[in-house]
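Each chain is listed here by its residues.
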Amino acid sequence: MAVKRLKFQKENCIGCQLCMQACSGMHEGAFIPSKARLSIESYYDKGGDIKIGRHVCNLCGICEKECPFEAITIDEKVSVDFDKCTGCSICVEKCPQHVISMREDKAIICDTCDGETWCVKLCPHGALKFE
Amino acid sequence: MLGYQNKVLRINLDNKTYSTEPLNMDWAEKYIGGKGLGIKYIYEELTPGVDPLSPDNKLMFMTGPLTGTPAPCSGKLAIISKSPATGTILDCSIGGHSAIKVKYAGYDAIMFEGKLDQPGYISIEDDKIQFIDASDLWGKGSHETEGILADKYGTDTTILSIGPAGENLLPISCINSDYYRQAGRGGIGAVMGSKNLKAVTIKGTGAVTVDDSKKMVRKIAEILREDTTTEDNIWAYTDGTPGLVEACNDGGILPYKNFSDTTDVKWESYNSESIQANKHGKKGCGSCGLGCGNFTKIGDAICEGPEYETIAGAGPNCGISDLETIVKFNQVCDDLGMDTISASGALSYAMEMTEKGIHDFGITFGDKEKLIDYLYLMAKKEGVGADLVMGVKAMAAKYGGEDMAMHSKGLEFPLYDPRGSWAMGLAYAVSDRGGCHMRSYPAAEEVYAASIPPYTAEGKGKLVYDLAIYNAVKFSLIFCDFWALGLDRMAEVMTLATGKQFSEEDMNQIAERVIHLARAFNQREGFDRKDDTVPKRILNEVLKSGAAAGQKIPVGDFNKMLDEYYEVLGWSKEGKVPDSILSQL
Amino acid sequence: MKVSVLLKGYLVKYFEGESKRVLCFDEELTIREAVKVIGIDPESKSLGFVAVNGMRVMIDEPLKEGDQLKIYPRISGG
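Chains as they are written, first to last, in numbering that gives the first Met the number 0: chain A, 0 to 130; chain B, 0 to 584; chain C, 0 to 77.
To be clear, the hints were calculated from the coordinates, so they are not data collected in a lab. All of these numbers come straight from a predicted model, not from anything done at the bench. One or more hints might be untrue.
Derived, one-sided and incomplete: chain A residues facing chain B with beta-carbon distance under 10 Å [claimed, not checked]: (1) A1; (2) F7; (3) N11; (4) L17; (5) G24; (6) E27; (7) P32; (8) E40; (9) D44; (10) G114; (11) K128; (12) F129.
Below, simulated SDA-like cross-link-like pairs (lysine to any residue); rule was C-alpha separation at most 25 Å, straight line [as the list claims (entries may be wrong)]: (13) B:K57 x B:Y40; (14) A:K50 x B:S320; (15) A:K50 x B:Y40; (16) A:K120 x B:D155; (17) B:K213 x A:K50.
To spell it out: a stretch of chain B is covered by chain A in this simulated footprint if at least three of its residues, at any positions, have a beta carbon under 8 Å from a beta carbon of chain A; those stretches are [claimed, not checked]: (18) 219-227; (19) 275-281; (20) 285-298.
Each residue gets a CB set at the ideal place from its N, CA and C atoms; glycine is no exception.
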């Protein structure tokens, strides 16, 4: 059975950032998009075009491959073993989506809310899907 | 109460200093946030009779406890001051992302006092506040200004700015954000201009804390599906406000040539379908569950919109049906920083005055080129532009044509003819900021719902009151106009976020308080029944075309509606709030 | 009697997604009756207003041959 991944369709995105609020609300105990594990931003580029900056984990596996300490494992989601993670930040550098951050020397990565994907549930028009 | 940051940022422009203070929680419990709490602060802190363009006027950005939470459609910012156009209280509402950024930066509200000695802008990054010289930005349109500041601060910093219109203190100037969103009416842009404040940039990396964020996320997921993205509201996403063009034309309330008649045979040139055909994207505000913004490009004209008011105002009300011209009008107004309703209102008055030979403003109905050219003259107050930007009330005092100056208290009419929706006439007359449809919107009942006959005075005072209650609390919590949630749902979401029990009855009480308070501000400035008026055109001239052909609002009926409105609110026959209510506010 | 009917907004669901159909009625009927035939409950909150030949009318008005009937859902906001 194929693993589900987060998928983003920019035509349906209105830039509400409810996804980032959902993520931080579930993981941080407050609404703080700057700490969300995904980042989607819709803005006018000099007023002439809508541009969308999307940073969403799609389970590409590069962080798992690049981690020198085998702290990252991926099955249906990314898991970080904090006992093995040294805070070297190589995963932050190598992640093509730029969605990994370091907090107190530990890698913080999207965990699909254990399959619940609250970002998907709060997306008003299905720009984010988990399939 | 949770949801709030419990912090007001107070900025002293005279000394270029700032301080923070706790949010007044006594007031927050009574007025919540947004419109209500903003008016309370301005009411308490302004001296009566202050000149709105003097350094003694204050400008307040106000959020609510829900701002920055995933409460759907909670991302609007209230901007409150005393209006340069009318002298009344003025609360505006701006979309985009500034409201949520104010909260994430750590503040419920920002109060601007005094005046900078030189043009400047303020950069806010969480608790880091900087006063920066803006002499190289002064004179530039809002679009160029946003581009420059976005290059400097990044696209995740929200920018509010004024264009030349606000800099030149036009009573019809607005504050812009996200390129195409405005705090539009009453000359709010001129308040910023009078303070030499070109822009405010806000970046926020902090948190908004609620009672139980996980519980809130789960509940909001349900509410979004059950109540927000539903048939009743999804028109905002699929069509946006241009859907009103056809409805208002069929309903007989689409204004034509300065409200000299209604309906336009060419309505299909600028209806929702025509805009959908030129749509290049959709945009919503922070925490939006709908996404009403249509990003439109046609020819070399670009804007997010145009909204119904702009379409009807620059279109049929100016005798124009060319969509590209209407989009261009929108784009230029946004960039120069002018309210499209008041700008098109001034131009349509000028067109009729010219055609009737009362005064030659050099522009007639249908002139697509001058419609745009004149905007540049207006922004600079040059030539005929200097007259136009005074607004129709002042122009009529100078040149005549008072019967066709379509305003209440000096604020130009929104684009719904009251002769086709009598309660709309009452709503315009009693609105706390002058001719406005956002305090009470009876067209929704009289025309679009056909739930109450439009051409009688019967029950209209109560209707305007009921709808004013709904909007007053909605815009204090803050929820966006386009989500038609009930008072019970409002109470539920408030309870979810703040951890304090709110009921539907609480929503009603807050709403009444806000309406009384806004009226109290105006009363203190000398406003009463004599100012709650509509132009003679509405009382004397019958419509010739459309569903409301043959209608006008007889003055006896107008007075009857007004009497009923005052009565329901417990105000005197002169429209004054009694001391017994004032002492409770 | 032939009447062309335009459904606005989400009411198109009553025409399986089509916005316009020409309906044939054996007898004269009022707009209210035509609305019921289409499947819309005239008392429901989903119904906004009705217009004939581009002009809003009351729901109990009779329809004539060749009329264009437009049916709007409730719209809020401005």
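How the hints compare with the structure:
1. A1: violated (25 Å)
2. F7: violated (15 Å)
3. N11: holds (8 Å)
4. L17: Since chain B brings a Cβ to about 5 Å from A:L17, closer than 10 Å, the hint holds.
5. G24: holds (4 Å)
6. E27: holds (7 Å)
7. P32: Given a least distance of 7 Å, the restraint on A:P32 holds.
8. E40: holds (6 Å)
9. D44: With a minimum Cβ separation of about 8 Å from chain B (threshold 10 Å), the hint on A:D44 holds.
10. G114: For A:G114, the interface hint is violated, since the closest Cβ of chain B sits about 15 Å away, which is over 10 Å.
11. K128: violated (15 Å)
12. F129: With a closest approach of 13 Å, the A:F129 hint is violated.
13. B:K57 x B:Y40: holds (10 Å)
14. A:K50 x B:S320: The hint is violated at about 31 Å.
15. A:K50 x B:Y40: violated (38 Å)
16. A:K120 x B:D155: holds (24 Å)
17. B:K213 x A:K50: The hint is violated at about 31 Å.
18. 219-227: With 4 residues closer than 8 Å to chain A, the region 219-227 of chain B meets the three-residue bar; holds.
19. 275-281: holds (count 3)
20. 285-298: holds (count 8)
This entry does not satisfy hints 1, 2, 10, 11, 12, 14, 15 and 17, going by the numbered hints stated previously.
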